[in-house]
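Chain A is already provided as a structure; the job is to place chain B on it using the hints.
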Amino acid sequence: AQSVSQHNHHVILSEAASLELGCNYSYGGTVNLFWYVQYPGQHLQLLLKYFSGDPLVKGIKGFEAEFIKSKFSFNLRKPSVQWSDTAEYFCALDTDKLIFGTGTRLQVFP
Amino acid sequence: DTGVSQNPRHKITKRGQNVTFRCDPISEHNRLYWYRQTLGQGPEFLTYFQNEAQLEKSRLLSDRFSAERPKGSFSTLEIQRTEQGDSAMYLCASSLLRSGRGLNTGELFFGEGSRLTVL
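Keeping their order, the protein sequence lines are chains A and B.
Anchor point for the first sequence: position 3 equals 135 in the numbering used here, and the numbering is continuous, going up by one each time.
Anchor point for the second sequence: position 49 equals 52 in the numbering used here, and the numbering is continuous, going up by one each time.
Chain A with its partners taken away, still in its complex shape (with noise of 0.2 Å):
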């Protein structure tokens, strides 16, 4: 079956912290995925996305993702986060159509 596990619900930090969150997948395809950001009453946007190569993806606003074929994972990962960095974060699969994860709630506070 084709899915996209997000285990981390909500996480809280505060500024400077490091982040990551984790993205397990289950497809049996080509693999392509994707982290997408919704900041507070903001469409969805493309953080970055994995095709092909390099499996460490770099991104917007200094997120980056590793692409970990054997352990089926697509992590993010922040060194230092901002205030504004406070969003919901999801992870999703290219099954032609892209699946999503349930996605995670950051809170960042200064």
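Since the hints were derived computationally from the structure, they do not count as laboratory data.
Note that the structure is predicted; figures quoted are calculated from it, not measured.
Check each hint, because a few of them may be wrong.
Covered by chain A, according to a simulated footprint, are these stretches of chain B (three or more residues, beta-carbon under 8 Å) [said to hold, decoys possible]:
| no. | region |
| --- | --- |
| 1 | 39–52 |
| 2 | 109–115 |
Far from chain B, some chain A residues (derived; all Cβ distances over 12 Å) [what the hints assert, rightly or not]:
| no. | residue |
| --- | --- |
| 3 | Ser146 |
| 4 | Gly173 |
| 5 | Gly194 |
For glycine and all other residues, C-beta sits at the position ideal for the given N, C-alpha and C.
Chain B only, in chain A's frame:
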């Protein structure tokens, strides 16, 4: 401004009424997707089109839901005989299907969504 436009932004209706949402994608995009999102959940796939052809409709989707993309440009999503459980944010997204280094969906550009409240 992502370029994907959805109307209306908010719709309040009584149970049993029909509602229709419209999505205008980015003009050169050949793929159009409809998703539904409820509070605390990720977007749930409903259906998608490539040009005017509907490629897939979620098996979880009731027959009360229908979508069209008649000329391969804008799309409409109609919900007949609405129920309270239909209350959600309905999201539209578009993309340009790419080929080359493997076929992939490409980046989806989302609209602001249409919020439906069924009383």
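Now for the hints, and whether the structure bears them out:
1. With a cut-off of 8 Å between beta carbons, the region 39–52 of chain B has 7 residues touching chain A; three or more are needed, and the interface restraint holds.
2. By the rule of at least three residues with a Cβ nearer than 8 Å to a Cβ of chain A, the coverage given for the region 109–115 of chain B holds, with 5 such residues.
3. The non-interface label for A/Ser146 is consistent with chain B: the shortest C-beta to C-beta separation is roughly 24 Å, beyond 12 Å.
4. Not every C-beta of chain B lies more than 12 Å from that of A/Gly173, the closest at about 9 Å, which undercuts listing it as non-interface.
5. For A/Gly194, the non-interface assignment is confirmed: its Cβ lies about 19 Å from the closest Cβ of chain B, beyond the 12 Å cut-off.
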